[in-house]
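Protein chains: 2
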Amino acid sequence: MTQQRKTVHKDLQYERNRCTFDPVEVTYFLDGSPEKTKQRRDQEQYISDVLVLKENMSMRYKSYKEVYEDSLRIARAVLSKIKKLQLSKIEEYEFVHGIFSERLGSALFQDGNPLSLHYGMFLPTLMGQANSEQQAYWINRAWTGDVIGTYAQTELGHGTFLRGLETTATYDPETKEFVLNSPTLTSYKWWPGGLGHTANHAIVVAQLYTQGECRGIHPFVVQLRDVETHEPLKNIIIGEIGAKLGMNGVNNGFLGFRNYRIPRKNMLMKNSKVLEDGTYAKSANDKLTYGTMVFVRVMLLQDLLHYLSKAVTIAVRYSVVRRQGQINAEQPEVQILDYVTQQYKIFPHIATCFAIKVTAIWLLDMYKTVQSQLHQADYKKLPELHSLSCCLKAVVSADTAAGIEQLRLSCGGHGYMTASNLPVLYGFATAVCTYEGENTVLLLQTARSIRLAAEHLDRRIRDGVPTAEAWNQTSIELTQCAEAHARVFIVKTFANDIKQLNSKSEEFRQVMFQLCELYIVYWALRNVGNFLRFSSMQEEHVQTLHSRLEYLLMTIRRNAVGIVDGFDFDDHILCSALGAYDGNVYERLFQEAMKSPLNRESVNISFEKYLKPFLKSNL
Amino acid sequence: MTQQRKTVHKDLQYERNRCTFDPVEVTYFLDGSPEKTKQRRDQEQYISDVLVLKENMSMRYKSYKEVYEDSLRIARAVLSKIKKLQLSKIEEYEFVHGIFSERLGSALFQDGNPLSLHYGMFLPTLMGQANSEQQAYWINRAWTGDVIGTYAQTELGHGTFLRGLETTATYDPETKEFVLNSPTLTSYKWWPGGLGHTANHAIVVAQLYTQGECRGIHPFVVQLRDVETHEPLKNIIIGEIGAKLGMNGVNNGFLGFRNYRIPRKNMLMKNSKVLEDGTYAKSANDKLTYGTMVFVRVMLLQDLLHYLSKAVTIAVRYSVVRRQGQINAEQPEVQILDYVTQQYKIFPHIATCFAIKVTAIWLLDMYKTVQSQLHQADYKKLPELHSLSCCLKAVVSADTAAGIEQLRLSCGGHGYMTASNLPVLYGFATAVCTYEGENTVLLLQTARSIRLAAEHLDRRIRDGVPTAEAWNQTSIELTQCAEAHARVFIVKTFANDIKQLNSKSEEFRQVMFQLCELYIVYWALRNVGNFLRFSSMQEEHVQTLHSRLEYLLMTIRRNAVGIVDGFDFDDHILCSALGAYDGNVYERLFQEAMKSPLNRESVNISFEKYLKPFLKSNL
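Chains A and B, in that order, are what the protein sequence lines are. Quick note: the first sequence, position 561, residue 561 per UniProt numbering, numbers continuous. Quick note: the second sequence, position 40, residue 40 per UniProt numbering, numbers continuous.
For the record, the hints were derived by calculation from the structure and aren't laboratory data. Hints may be right or wrong, so weigh each one.
Chain copies aren't distinguished; within one or between two, either way the pair holds.
Within a straight-line C-alpha distance of at most 25 Å, the following computed DSS-like cross-link-like pairs (lysine-lysine) qualify [stated by the list, open to error]:
#, residue 1, residue 2
1, Lys62, Lys595
2, Lys609, Lys83
3, Lys81, Lys609
4, Lys612, Lys83
5, Lys36, Lys83
When you get a sec, could you build the whole thing from the sequences and use the hints?
Right under this line is the structure:
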């Protein structure tokens, strides 16, 4: 995977020549160390032939069915290559997990990966919620044998409100089995990735009934298909849910049960248990299961970072090559990145990439701390971690999706083309606003633990409004408060982190300070109303901030290409005609157009079938 | 096309029963009169069988090539039906134009219509810019004969900056022909709808050279393909530009010329002319050509209204049927429309629909006034019309696209499904942010004629910054000012219009006043910073506004279903499993899922090809 350096567009080369710092410093900062950069690049290099192969297939012109089949073809190619390395099982898992994560995953699988829940949810849930006996049995099979899994929690009628899930698992002490049922249409599992036609097992979350009582939701391992023939088992109703905005290769599925029986030992029993006679033993702390969800949200921040940094790389490089209009009639057309409005659309998102990175690192560290405290039965910090992970996921996914869309629009009409890769990135990012916790709901979860809107809430309660109803009435303000809470946390973390860059070059630190300040100034101005209302900020401060914003945009302009080069996306990972390293935007757009199957014939069949009769009938 | 009233979901029926006004009043208001409502419904009824046929084809599962072919199949079916009516040519044109406009057009052609530029740009440009002799020749052929046209202006390298277009048309007095050339890769025409494989003619905008001088851009009618065989003519390089975020049936194309000759009379000469000897006669007023662009922008406001009102219909109906979570633990799960955060996400967009409508009517009236003044050589109001049409198009398209996306997200995961129709509507709406003038550029055009950011601009100029450079430096503020200008105009028009509803029922007027006030309060709070900075608004006013916002949301809640029912979208036009009139959301989602070709087989071929070998190799 060599970048095509020989033919670099002169405008891009000029930008690279005048960059004030070495872009590899950005790369090392984001990867964590030069060693980790090398390791990542080696991995990417190792599967580069699959990436190249994938690009030549032009998935965007295929039918829905072909897209799914192609996703598995690519998965098989990647997994086969990794098998050849003969790693240990845990090393292999980590290699696959790295490759399937969204930096490469969203390049390998432009329509999503039907196996991602096997690696991303099925295995981690077994690790977190199966007891050691169950782990030995299932994880081994998931590694080496017959099991391809998914995680089936969301139902047609319930996503956010987990207590409302309707699938039932009723314990039958006679046979020592659970009987699974889907009592209503809305109780069908709906959405799990790979569930449609890929997985042969699933972890199914269901309402547990034993000894005549409902014990709330619990996880069960359920076999769905015959491991030899892959045919669905009897009393399982299964299929896939149909076309979506994006990720049409993911094979999201539905699943229903008709008195479907599984052995007692298929309930994951690390925490709560059902004994042979049907006695229910409750988990010591029911918050233990939050762990997986928090971990998944930390991983989502990483995914979002990859989406946004790809989009910003594309927009910066294109805006340097694209010339349009004149600021001054005597001069040639302007690189559109020289328009301040364009800088304003793009540079804050460069800053956001670094803000996400430092936040994700901080959150991961806190997660590890809390995990080790949990092992010592210390649950003090769990609520704070839960609350932070909620609002950070909500704010970062909303910022990323809106940011990518703004970056796409900043590329004008060409940003609407699939060949820009921006629509695909948006399709991934906006999905994150909904899954693993809908954003508004998450913000309200956070708001439960802060006090900024407390006054209005109190007043409503004093006025005789019941507490729960008052909470609803105040919820617009509460979500805004939670968002502000997340924003303050990000700014603090960003600013603190930047102060600790002593080992880096002065030039690089300069750039990081500018980006951090831009992030702060940008968001302060976006929320200027709140600052005027709730702080000592005055009109003259606003004007100062605005001048500062313009100064920062101008200053960052010079290094913009250098910074995004530092994100270190190979062309085959960036997958964009507008964002390629060499900047040959127009040639690539043409090359991509020529891949359209319509361009293989000078006259399409529709002329004879539909146009000609129409024309002739007019004569 | 009967709404399926028999099985209406009880929650939706309850909402309809308690609505305080008759929804048909909304319908009449939006159509303009009961007579116009009847006429529209009759037209929709007349082509209803094509709509039903289209839905059964599940275009979303087809390949890219099939999507294009299917678009023409549908176009042919619609046009054949209309032909049967044996209308006059002008009546037929208006019928087709009505059917192809986005209310129905975006339902008939969920991936866009390759003939829309024939009706929407080719014919109107002939009417506006061809002289009477040319009109007689070309319009007749476009009506009755051999011509399918498109409008080819944008190039690979130039969209916004028209003066930068590179295609040349050089007059050769020897042969009395223009010689067309594409001197560079970036000079290729790029984007025109239907250009790829549908049109056989195009109006091509090119730099006119005659007597050794460049005379700026002018329009030419150019034949592209043989009318009998449809093969591209010699020295024409033509094809289509490939996959996009949406509208993949539009057949957007590219076009290049190699010394391609056309007769002198193919230059559209209503305004400027080239005489036989090559003498150039300039148009009396070069602003005359703005007319078409302004008219197209007025039509775009209508299109945007249809997209947004469909999206808001879907979100309201779904939010009434969907129940999730509990506000109070003793009560059943809540209709999500009862969450204030959900009302805040949805109701302002209901208000926006009406704001767009009154604005579009006002702008169309002004357009007609200006047109009649132009005929009397009175150009006074043209700059104001141009300026207003620019900022209104920019603000309304940005509001609509962002609004649809917010409405899509308000439907949670199910909004991500194509069956919701929300991704398709977003694909249409966001494209409008870029075409017919990129939004930021349009805002700056407007800003040229207003004075709010004048102070900073003046200061920069006084400080010695050249004027053009100072304009660029101040452009963030200028775009914000232009946006504010548009917002003020919309609010004024909305408020004035509402005052003149004396002939309507008190109940309907009530609702309109609430929506108008919501629009004002919502945008005032969104821009609270500017109000605090630039008006006499104080903190206590902000709190009052916030209380008023909550009050209005609560009040509108009761009539939300009634209002969107009044938008009068038949299920076959709304095309949404979430938004159907009967509210049977979950049944429809299931029905849509069963249309996936993957669900026709219990085991997909990929199991044998990719999964099984992978599993076995692990054993």
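- [ ] Determine which of the earlier numbered hints do not hold for this structure and return their numbers in increasing order.
- [x] Of the numbered hints given earlier, the structure breaks none, since each of them holds.
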